[in-house]
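Q: One-letter residues, chain by chain:
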Amino acid sequence: MAAKHARGSEVPATASVRESQEKSSKAVEVSGGAPSLLRRQSCRPSSRPAPSQAHAHTKPQALFSLKGLVATQKFSKALKERIALKIAMRNIPARKPIVIVNEQVPAGSAQPAEMFPCGLIHRMLQDFLSSRLEAMDYSAPSCGGLVKALSEEVKALVRTVCPDRYRLVCTVALGQLGPEGQQGYGGLVLASRSLWDPHIDTCVAHTYQSQEMFCTANVFAVYFE
Amino acid sequence: MDEFQTGEETAFVVDEVSTIIKESVEGAIGGNAYQHSRVNQWTTNVVEQSLSQLSKLGKPFKYIVTCVIMQKNGAGLQTASSCFWDNTTDGSCTVRWGNKSMYCIVSVFGLAI
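So the protein lines, in turn, are chains A and B.
So the first sequence is numbered by the numbering used here: it starts at 1 and just counts up by one.
So the second sequence is numbered by the numbering used here: it starts at 1 and just counts up by one.
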């Protein structure tokens, strides 16, 4: 019956059915035969009654026919294919669905409803600094007030997109470059480190540089549970 | 929500923090002259030492420590910071330190948990 299904055509002729039945029975017979023969062969080394007896078993008979073995293999292969087709047609999933967990939230960390948008803030800082400082020259008295104003403006800017419950610290450092001052960044280093929850707290920084001066804006966002 | 005692134990004490910072800076770059190749290491040491001493205080705070080391060569530097937080529980402290060849400015921001 299985053979009929696999062929895909509904041939009601009994002759073909009988033929397949005969074939399957033959397969069973041969396969039934071969394992028994093989079994006898495998038994042999484990239990050696007496060498004379073993010799009596081995020499005169042909233990297995190669043709028979090959035929068994062919039939069993065909059977396997037919069974596989049957299963595939039943639509049983071959594997269990795998669940992929994208975000590994560490245990004990708070989970805010909305995370701080670092990329957006970085772009906003870039635009803000370049527009504000494009045509500015460095001069000690005026830049003192400028820096304070800049830091307040950055804070207001970030607050427009800042999610709830986040506290902000915005720092701005403005320094002089050029022949009188440092060569490039040679004379100045800015560093920061924080003790916080790295999953939810974050920092965004951007440096704007012109011929005469540089300006670094830092925004630290800390979540309040 | 638990009621915290707003006493000495859970407030941001500026004096205590500034003492810690001064000690960290002295320890990290105390008797050295400005050397461009070592500045990176110095800033790292200053912030790390400050942060470890602050965490040893055992207070319920999150800390942000920033450090600027600058060579004394006549150039100007301005810094400012603005914070959006709770004034009663959070605070900041800035320490300016200098020797013959360089300035070091360290800011600590403490935000209550």
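Hints in this document: simulated from the structure, not taken from any laboratory.
Be aware that one or more of the hints could be misleading.
[Said to hold, decoys possible] Derived EDC-like pairs: lysine to aspartate or glutamate, alpha-carbon spacing no greater than 16 Å straight-line:
id, chain 1, residue 1, chain 2, residue 2
1, A, K155, B, E23
2, B, K59, B, D15
3, B, K59, B, E23
4, B, K59, B, E26
5, B, K100, B, D15
6, B, K56, B, D86
7, B, K62, A, D197
8, B, K62, A, E225
9, B, K62, B, E26
[Unchecked claim] Listed next, the stretches of chain A that the computed footprint assigns to chain B, with coverage defined by at least 3 CB atoms under 8 Å from CB atoms of chain B:
id, region
10, 78-86
11, 102-110
12, 142-148
13, 167-173
14, 213-224
Backbone N, C-alpha and C fix where the C-beta goes; we use that ideal spot for every residue, glycine too.
Q: Determine for every hint whether it applies to the structure shown.
A: The hints, checked one at a time:
no., hint, result
1, A/K155 to B/E23, "violated (31 Å)"
2, B/K59 to B/D15, "holds (15 Å)"
3, B/K59 to B/E23, "violated (19 Å)"
4, B/K59 to B/E26, "violated (24 Å)"
5, B/K100 to B/D15, "violated (26 Å)"
6, B/K56 to B/D86, "violated (23 Å)"
7, B/K62 to A/D197, "holds (8 Å)"
8, B/K62 to A/E225, "holds (12 Å)"
9, B/K62 to B/E26, "violated (24 Å)"
10, 78-86, "violated (count 0)"
11, 102-110, "violated (count 0)"
12, 142-148, "holds (count 5)"
13, 167-173, "holds (count 7)"
14, 213-224, "holds (count 4)"
When each numbered hint is compared with the structure, violations occur for hints 1, 3, 4, 5, 6, 9, 10, 11.
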